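Enquirer: Here are the chains, one letter per residue:
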Amino acid sequence: MFINWALQEINLKIVYYGPGMSGKTTNLEYIHSKLDPSLAGELVSLKTKEDRTIFFDFMQIEVGRIKGKKPKFNLYTVPGQVYYASSRKVILNGVDGIVFVADSQPHRMEANIETLLDLENNLKQDGHSLEKFPWVIQFNKRDLPGVDSLESLQKKLNFFDVPSFEAIAVKGDGVFNTLKSVINGVVAHVQSQL
Amino acid sequence: MVQTKKLKDGSRQIILNGTQYEGITKTLSELAVKTKASAILFADMSGQLISQRGNTEDMNTTVLSALAASDFAATAEMAKLVGEDAKFKLLFHEGEKRNVYLSNVGENFFLVVVFDVSVTLGLIRIYTKKAIQGLNQILEEEASDDLDSRDMIDSDFSTLLGDALDESFK
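Chains as they are written, first to last, in my numbering: chain A, 1 to 194; chain B, 195 to 364.
Next up, chain B with everything else stripped away, as it sits in the complex:
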């Protein structure tokens, strides 16, 4: 299981270990090859980009993830208004040259597939569905190592971060 810690105050902390990250990236690579998609992103519902594959050099994928997350959030409100209880599972944007296919992966994550209009939607649909099954499995796998954010953020870290911020904000 991907470590989703509920902290004392109710906030959520997601920790992804190395094996999971590799697994996710591998799944995205396979999907990219099979679908010939231009770009594939995997992100969390708060808008945080986790992994990407394809020709993403000219694309601001950080911003794309933030926008895609808000797309899900906005349409979830839309779903409520039209009497749909759950969130919409997939969103599709059709363009003249490129299409964007967004699909949720469990409650907390989603996948963005950007592809040329020459690729059929059916193909994207089938392979994306398979990839999502794979991703769900990876996310549910028991983490072998107990990762602790304490190792990530210690008191030394805060001091050094403060200095780095002072330096950047000069």
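Chain A extracted, bound-state conformation:
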């Protein structure tokens, strides 16, 4: 978190984390397409030719002034593929809240778990832990046939009982609820830390 007292700005960094192709970039694209252009900055994507995120996506959103203060949210995604481990680590630098975008398809469960462990590991290096850090889970791709039941996903991934949301990010279902929840979580966390 970065606070500029002179400008009364509060800047928070939120990172979308998850396995490859789970829909992290899609979340940001939907938010970008729906928000009023005065509130959302440019969406920058560092993608490969095949449309896979190579480093990160970035977008800044604002909600106007609140009690004279100007909160700004910097949203980042990480590349999901396993071999971009070091990019994932560096993007977490100074992170305030995390959205874990899980793929609901059974054959991606192993990738979900592996990425969650990778996240825990990266957070640990900064002295954080999944147990105490503000984060939420989004179970994405709920519209696909043969997806795992919500109960099964909760059991396998949500072992800290963090807020969770079902989503169909391509259609926007669940996208804003997820974002709102993580922002609330971050603000509540900051208050509890003081």
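I should point out that these hints are in silico values taken from the structure, not numbers from a laboratory.
Watch out, some of these pointers could steer you wrong.
[To be verified] What the simulated footprint calls covered on chain B by chain A, stretch by stretch (three residues with Cβ under 8 Å from a Cβ of chain A suffice, anywhere in the stretch; the number is not a length):
| # | stretch |
| --- | --- |
| 1 | 235-246 |
| 2 | 252-259 |
| 3 | 265-275 |
| 4 | 318-332 |
Keep in mind it's a predicted model, so treat the numbers as computed, not measured.
The beta carbon of each residue, even a glycine, is placed where N, CA and C say it ideally should be.
Given chain A, put chain B in place with the hints provided.
Expert: Same frame as chain A, now just chain B:
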């Protein structure tokens, strides 16, 4: 000292007071005048833009800061691979019309200087080095007022923020 609070859970909170912000902006202005740089940005290593000077109207400086921070992060990994223990202190990108000079300011901040190729690198180097000394001093100065993020984020704030988010996400 710029208030860098370590919260209970290990997360970092940076608070910049008014005097520091003015000092930083003044230093950037002076650097801009001396070097004739097109744009100068001061940001933190998480990618957060703090202050900017020069002709930045047509430049998306928010994104530029995020990219510059990742540039440092990526090259820090590169440094490790080639057996360099510390991060690289400065990065230089040479273009046909414009160059970009990036230099770290302490552990947590960095400076981005965008300048025309007509300006010599030596000049940028000398004045940037001086500016960094000035910036380090400002960042280390004892904060006269004890700023508390409690005054910034109270419970009222959360409720109002929730409403504002609902409004924006309609």
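Enquirer: With reference to the structure, classify each hint as holding or not holding.
Expert: Checked hints:
1. Taking a C-beta to C-beta cut-off of 8 Å, the stretch 235-246 of chain B contributes 6 residues in contact with chain A, enough for the three needed, and the coverage statement holds.
2. Only residues whose C-beta sits within less than 8 Å of a C-beta in chain A count toward coverage, and the stretch 252-259 of chain B has 3 of them, enough to reach three; the restraint holds.
3. With 4 residues having a beta carbon nearer than 8 Å to a beta carbon of chain A, the stretch 265-275 of chain B meets the requirement of three or more and the stated coverage holds.
4. Counting residues of the stretch 318-332 of chain B whose C-beta lies closer than 8 Å to any C-beta of chain A gives 0; at least three are required, and the coverage claim is violated.
The structure fails hint 4 only (numbered hints given earlier).
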